[in-house]
Each structure stands twice: as C-alpha cells, then as structure tokens.
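J.: So the sequence lines, in the order shown, correspond to chains U and W.
Everything in the first sequence is counted per my numbering, starting at 94 for the first residue and increasing by one.
Everything in the second sequence is counted per my numbering, starting at 94 for the first residue and increasing by one.
Rather than coming from a laboratory, the hints here were simulated on the basis of the structure.
It is possible that some hints are incorrect.
When chains are identical, the list treats them as one kind, so a pair holds in a single copy or across two.
SDA-like, lysine to any residue: derived pairs with alpha carbons at most 20 Å apart [stated by the list, open to error]:
{"hint": "1", "residue 1": "K257", "residue 2": "K296"}
{"hint": "2", "residue 1": "K498", "residue 2": "A488"}
{"hint": "3", "residue 1": "K124", "residue 2": "S157"}
{"hint": "4", "residue 1": "K296", "residue 2": "A98"}
{"hint": "5", "residue 1": "K140", "residue 2": "E152"}
{"hint": "6", "residue 1": "K383", "residue 2": "P433"}
{"hint": "7", "residue 1": "K498", "residue 2": "E410"}
{"hint": "8", "residue 1": "K184", "residue 2": "I95"}
{"hint": "9", "residue 1": "K479", "residue 2": "R448"}
{"hint": "10", "residue 1": "K181", "residue 2": "D313"}
{"hint": "11", "residue 1": "K498", "residue 2": "M444"}
{"hint": "12", "residue 1": "K124", "residue 2": "Q160"}
{"hint": "13", "residue 1": "K479", "residue 2": "I446"}
{"hint": "14", "residue 1": "K106", "residue 2": "R353"}
{"hint": "15", "residue 1": "K296", "residue 2": "Y431"}
{"hint": "16", "residue 1": "K106", "residue 2": "N264"}
{"hint": "17", "residue 1": "K288", "residue 2": "M94"}
{"hint": "18", "residue 1": "K383", "residue 2": "A145"}
{"hint": "19", "residue 1": "K383", "residue 2": "P135"}
{"hint": "20", "residue 1": "K106", "residue 2": "N210"}
{"hint": "21", "residue 1": "K261", "residue 2": "V316"}
{"hint": "22", "residue 1": "K383", "residue 2": "M168"}
{"hint": "23", "residue 1": "K383", "residue 2": "S148"}
{"hint": "24", "residue 1": "K500", "residue 2": "E141"}
{"hint": "25", "residue 1": "K181", "residue 2": "K393"}
{"hint": "26", "residue 1": "K184", "residue 2": "S254"}
{"hint": "27", "residue 1": "K106", "residue 2": "P211"}
{"hint": "28", "residue 1": "K259", "residue 2": "S99"}
{"hint": "29", "residue 1": "K184", "residue 2": "H320"}
Small disclaimer: the values here were computed from a predicted structure and weren't measured.
This is what each chain is made of:
There are 2 protein chains.
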Amino acid sequence: MIDVASKFSSGVKSLRPSEIREILALTENKKVLSLAGGLPGPEVFPKEELAAIASRVIEELGDSALQYSPTLGVMPFREAVADFVRGKGVKVTDNDRVAVTTGSQEAIYLLAMTLINPGDGIIVESPTYLAALNVFRYYGANFISIPLDENGMRTDLLEDSIKKAKEKGINVKMIYTVATCHNPTGVIMSDDRRKELMEIASKYDLLVIEDDPYSFFVFDDDVNFTHLKTMDDEGRVIYLGTFSKILAPGLRLGYMIADRQLVRAVELAKQMVDLHSSTLSQYIALYAIKEGVVDRTIEKARKSYREKRDVMIEALEEYMPDGSHWFRPRGGLFAFIYLPEGVDTSDMLQMAIDRGVAYVPGRSFFSDGSGANAMRINFSYLPPDKLREGIRIIANTAVDYLKAKGKVAS
Amino acid sequence: MIDVASKFSSGVKSLRPSEIREILALTENKKVLSLAGGLPGPEVFPKEELAAIASRVIEELGDSALQYSPTLGVMPFREAVADFVRGKGVKVTDNDRVAVTTGSQEAIYLLAMTLINPGDGIIVESPTYLAALNVFRYYGANFISIPLDENGMRTDLLEDSIKKAKEKGINVKMIYTVATCHNPTGVIMSDDRRKELMEIASKYDLLVIEDDPYSFFVFDDDVNFTHLKTMDDEGRVIYLGTFSKILAPGLRLGYMIADRQLVRAVELAKQMVDLHSSTLSQYIALYAIKEGVVDRTIEKARKSYREKRDVMIEALEEYMPDGSHWFRPRGGLFAFIYLPEGVDTSDMLQMAIDRGVAYVPGRSFFSDGSGANAMRINFSYLPPDKLREGIRIIANTAVDYLKAKGKVAS
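Isolated chain U (complex conformation):
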C-alpha cells in the first residue's frame, strides 16, 4: 500500500482541526446536550414555507435553478441581498459589489486567500471567532489581539498596539471584528468605539472586515449601533453576512459586500475553489426574502433566543461556582464563561461529554493560547429545559473537576 501521508503538501502540517467541528463529530452519535455549535434552534426553521418555495422554485425556474450559475451569484439574488442589507441600515455604495459565498466561512477563506501574505498583521478581538483565527493562521497572519469589555473592542488600546507591531516591522493590514453581538461574548461595540476604530483604520490605512452574522438578534431595547460599513467613506470596510442564522444554515449561503476591485479578486479565487455556490439555494433564499419569510424568521428567532438567553443567565447565576464570571450577552447566540482559576476547560471536556454535555473550550478563541479557564456556550439550539440542564451539568462538572485537582470551589 502507498504511504499517502508522505505525499501531503507542507501546508497540511499547519491544518488545525476546528474545535467546534471536532466536538460536533465527537457528540454526533451520543446523547449529548450540545452547547458547542452555533446552531439555530430548529423551532425557528420556516419548514412549511421553505418546502413550498423549494418546490415552486424548481417548477417555475428549474432550467435556471438546477443549472450552473455565475461565480459571484445569481444577479437577482445579489440585488435582493443588497436591498435587504440596505433595509437593515447597512450602507451599500455604487462602488460596492455583492459576492455570494458558500456560507460566510467561504467568504472568510476567500478574503484570507486574496489579502494575507505570510507575516501580515491582522488585528482581532481577544477572544474572537475561532474559525477566522484558524484560516488567518493558515495563511500566516501575525495576530495583534485587542482585549474587549462589555462595550466591545478596547479601541483605546488599538493605536499603541499598531505602533508596536509596526516597530517590529509587521505590515499591519486589517482589523477583523464581530462588532455586533460578538462571537463568543455577545457584547456590542459602542458607537464611540466604532468611530475611534474607523479613524484609526483611516490613519493607518487598514482594511476592516465587519463579520456580521448576528446583528439581527439584539435582545436589549436600549441598544443603538451603527454598522461600520455605514460609517465608512473610504471603501475600507468589507461587510460579511449569512443566511445561516436568519433562514437555514443547510442552504450554505453567505455573502460579502465590498469594493468592486476586491470582489473581482474574490471572484477569480472562487472560480478555483468551487466555481459558484448552490444555484437552488440562492433562488430559495431569493423567494424567502421577497415573500417576507426571512423577516418573519428573524422575528421568531429573536424572541426565541431572547427567552433562552434569559433562561441561561438564570441558570448560570443559580449553578455556576463562585469565582465564575461572564459577559451578559446583549445579542447573538453565545455566552463566554470564565470558570474559577484552576479549571482547564480543554482538560475537562471529556469529563463533561461523559456526563452528557458539550461546550467549546476557551483557548480556541484566543490567538495566544490564553483562556484556559474559559468556555463558549451556545444558547440558541437547545430547548430551554435542556439548556438549563446542560448548564447545571457543566457547573457540577467544574466543581468536581476542581475537587479532583485538590482545589476548592463553593
């Protein structure tokens, strides 16, 4: 037999498994309460409407919907996406173009491919979305990590960090931010900080990736925010969105709205990667936008997730050992919990899975390996009683873990 591994490219060595995907695989065939993924609650899927739309799309438009289609997406869908985000307060200029991608994961991948040279400096929140970290790391990024608090990225630390990186000879190229309903913490960047971020981006000539899957799910009524894309007068902001959270992830539809030159480079890259994204999915999503299904799904999901968020916070307060703390998520699908010092959430994961619950260890969300005592939990997927039960098990596991290590927790 051939030794296949001897044929691998050198890039394979730097392929790191996605912690979320691996945990999903681990728990797939077990009865585990998963708080690990970023899965929508199935109760919000508009099944009946989508069943009818899918059938209608194929009957009415089958010759197009079943056929190959342009790399950047089907034109009426691209136009509908632009109108849709405009309606949500996102500025789309004449110089912008929409690129449809196979989930917003592919948008992140194509951006890394077209923008990052090994060694380039990428500014990220600390913690930040782990799959973006993995892709940027694969392309050789130097991470510049900026802490965050309940008002988002600490932009007061931004300029100093950029200066230090530049002194080290790093070509600081862009800022990647989940400014609204941040993954993994659920905080929302204040408009003051957004302004500061944009000023610094302009001063240091940086691109800004505004990764925005969650801004439809703001739970608190007193929140006002302006999209970075809307504040941008210089074509710096690359806006990423997805239908995974507002319609159905199984369609694999994300999108990027950015400067036409960049979108042209992304088009050439996407020609190589997968030619184009599912034509059928695009037409289904197009009909779903036009017929109000997307807007109704957003409303339904926001209500459902807000209730679940409240159940989660109640359970966290009731069960978590003293010394734990967390950001109160103002929106989104996730909470980021710090357990008492001494807990190593990576080490504890197998114990938790054996007891019937999964989460994502915190370390994966930091570029520098910190976050050992943290974890991300998702509150959108499970029904409220299971969510509560999952948190109770995690809390008990942490207490027992600390005892076993000879440490005391309340």
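Dock chain W against chain U, hints included.
T.: Below, chain W alone, put in the same frame as chain U:
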C-alpha cells in the same frame, strides 16, 4: 478612497481568470449560442421529480436538511454515494472514505491544497481540463504533459517523461487524468493503457487522480473500460465524481473517494474553506438516488447527448473548412476541433461572439500554451438545430478570419 489593490496578497497575481467562466459572463446578457460551457441540456433535468423531492425532504427531514451538517457530508448520503459508484463498477475498499464536496471543482481544489508543494511534478494529458490546470498552476505545479490519441493518454511516452522530469530534480507526485470520455476530446483510454498507467504509477510511487464526471455518457456500444480505481490494489487512485452531469449542477455536489488518511486531510482543509456542502442538496440527491431519479436522468441524458453528438459530427463534416480535424467523441459532453493552421482561436473569439456564437479557445487546455488553432465545443447544452447553426457560424467565421489574414481556406 483606499487603494484596495495595494492590499492584495501576492497570490492574487497568479489568479488566472477561468476562460469558461469569463466567456459565460461575456455571453450572459447577449443572445449568443453558447458552445462554451459544460452545461447539461435543460431537457434532461428531472424538474417535476426534484420539485416533489425537495418539498418532501424539507417537510420530512427539515430539522436535519436545513441545519449544519458534518464537513465530509451527511452519513446516509456518503453511504449512498459509495453504493451508487460500486453499482457502476467502481471499487470502493474498506480503507476508502467518501468526502462530499461543493462540486467536483472543490474536490480538485482541496486536493491541490493538501497535496501540491510548489515545484511538484503533475502529469496531465495534453490537452486536459482547464480548471484543473488553473488550480494546479496556482499551487505551483510543474506540468508534465503527455499527448493523447483516440485511445487516450499515450502511456508509451509516460515513463520517459517521468525519467526526464526526475533528472531535472522534479518531485513527480501524481497523474491527473480524465480517462473516460476525456475533457476536452471525448476519447476513452483503452484498458491496456490503463494497466500500463497503473504499473508506472506503482513503479514511480505516484498518486492518480481519476476525474470521472462523464463515464455515464458512453455513446458507442463497443466500448469496454475498467475504472482506474477498480484496477488499484495499492490505494493510489483518488476517484472524483459529480452530480452536476447526472442530476443537476445547481445543487453543487461532487465527491471524492480515496484513502482515509487523505480524506482526513481534505476534511481539515474543507473545515476552513466552507465548513460543509449544502445539507439540503445532499438530502435531495440522496432521495434522487434511492428513488431511481438519478439512473433515469443518466439514461435520458445519454440518449439526448448521443443524438446531439451525431448532429454535431454531421455539421462538422458539412461545414468545417478543409484542414480541420477532430477526435470523434465516444462519450462525454465535448469535442476538440483543430482548425487550419493560421487560425488563432483566442484572437477569433470576439468575432465569433459578435456573430452570435461562443466556444472555448484551445490554448487554455494545454499547460504549454500550444493549441492556438484548436477549440473546445460543447454539444450537450443546445438543442440540435441550434447546435448545427452554432457550428455553421463557427466554420464561416474561421473561413472569413483566414481570408482577412490573407490566408486561404476552402
């Protein structure tokens, strides 16, 4: 405004537009007879069946079909794919795994990512599938081009070429072949040559990518062939298939069947690229396999494309200027035509489009820039009368082109 291009990665410079995709874009809004793409004839799409299946899948399995799913594909679909190809004579071993991809383009991309180091030697047929050339080139491949004739790759030239490449210090890593119903020529590699290819692959420890989108469409009754995957006892052959030609390209579903270690590397790469392929598409294709829709589509397409192939050959014989020649396609979707010396098909393309017809210039199918007087034409997409008309226009354009250049054609 920002100068976005100044931010591009150095890789962007080596992104070459896909000629096919660019021609499709050029002709999108014009009334042009396109013989350029590899599009199925819309008459073979099982629209009614797929409309019913899509609706049933969402109603019956919505919670799964609309949700995120594993990176390598939904398990029942992966199993159905393995059974399906086994039923078509492709050997699948216990050591093999199925990876579902976003079209077989993504399979090619993920293989390049996981296998090719800059400078590695990749053996290809000359001519060969242009999108594979583009991807391999992007990853820095050194091409070793082997001519073909009506019995496929000239395997008698293989060993010498490998030796020469090795003398130059090239790490010869794999053979990429469309052995059955070759793209762009439609020839089928004889079993003798397949055996020779496999012996040489074994002797020189090469991987073999058997790219097999077209083997369901063999038109001539006297053809027998054995898949390279079936001849393989050493785990060298990576088998690629697609539902684009046997069900619907709009679903974006391809697959790879290969050694489990390689598929694991591909899984990690795919986690970064797009997480997974459309769950909905996978369930639709699963039902379509189980309910015989795929097999019926194959039969319908084979009949339709055989008729069109015959119409095309008749038209080529009737219209093409003296000095033209071509392989008679024994299967597949394409013919590769050599026009008289003096025609530059790249140069002639705009003239042809202005007269209402598009094709793909031959140069794109060669790694060394030869093929200036060749072109690929597709015969599966257009109805027979339009196909005939398209060929008549191409022939007239070639005659006028030669006249304009001061050369004579009959």
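J.: Evaluate K288 and M94 at a C-alpha cut-off of 20 Å and name the case that applies: within, between, both or neither.
T.: Between copies only: 17 Å across, 60 Å inside.
J.: How would you label the pair K498, A488 (within, between, both, or neither) given a Cα cut-off of 20 Å?
T.: within (15 Å within a copy, 82 Å between copies)
J.: If the cutoff is 20 Å on CA atoms, where do K383 and P433 land: within, between, both or neither? Let me know, please.
T.: Neither way: K383 and P433 sit 49 Å apart in one copy and 53 Å across, limit 20 Å.
J.: Can you give me the call for K296 and Y431, within, between, both or neither, at a CA distance of at most 20 Å?
T.: For K296 and Y431, the Cα distance exceeds 20 Å both inside one copy (35 Å) and across copies (57 Å).
J.: Check K383 against M168 for me: Cα-Cα at most 20 Å, and say if that holds within a copy, between copies, both or neither.
T.: Only inside one copy: K383 and M168 sit 14 Å apart there, 34 Å across copies, limit 20 Å.
J.: With identical chains, the pair K383 and S148 could be close in the same copy or across copies; at 20 Å between alpha carbons, which is it: within, between, both, or neither?
T.: Close inside one copy (16 Å) and across copies (19 Å); limit 20 Å.
J.: Pop the pair K257 and K296 into one bin, within, between, both or neither, using alpha-carbon distances up to 20 Å.
T.: within (15 Å within a copy, 55 Å between copies)
J.: Could you place K140 and E152 in one of the four classes (within, between, both, neither) given a Cα distance threshold of 20 Å?
T.: both (18 Å within a copy, 6 Å between copies)
J.: With identical chains treated as interchangeable, where does the CA-CA distance between K479 and I446 reach 20 Å or less: within a copy, between copies, both, or neither?
T.: Within. Shortest intra-copy distance 15 Å satisfies the 20 Å Cα cut-off; inter-copy 62 Å does not.
J.: Taking 20 Å as the upper bound on the Cα-Cα distance, should K383 and A145 be classified as within, between, both, or neither?
T.: Answer is within: at 14 Å inside a copy they meet the 20 Å cutoff, but 22 Å across does not.
J.: Give the relationship of K184 and S254 under a CA distance limit of 20 Å: within one copy only, between copies only, both, or neither.
T.: neither (29 Å within a copy, 57 Å between copies)
J.: Regarding K184 and I95, is the shortest C-alpha distance of 20 Å or less found within a copy, between copies, in both, or in neither?
T.: Cα proximity of K184 and I95: across copies only (17 Å, versus 54 Å in one copy).
When each numbered hint is compared with the structure, violations occur for hints 6, 7, 15, 19, 21, 24, 26.
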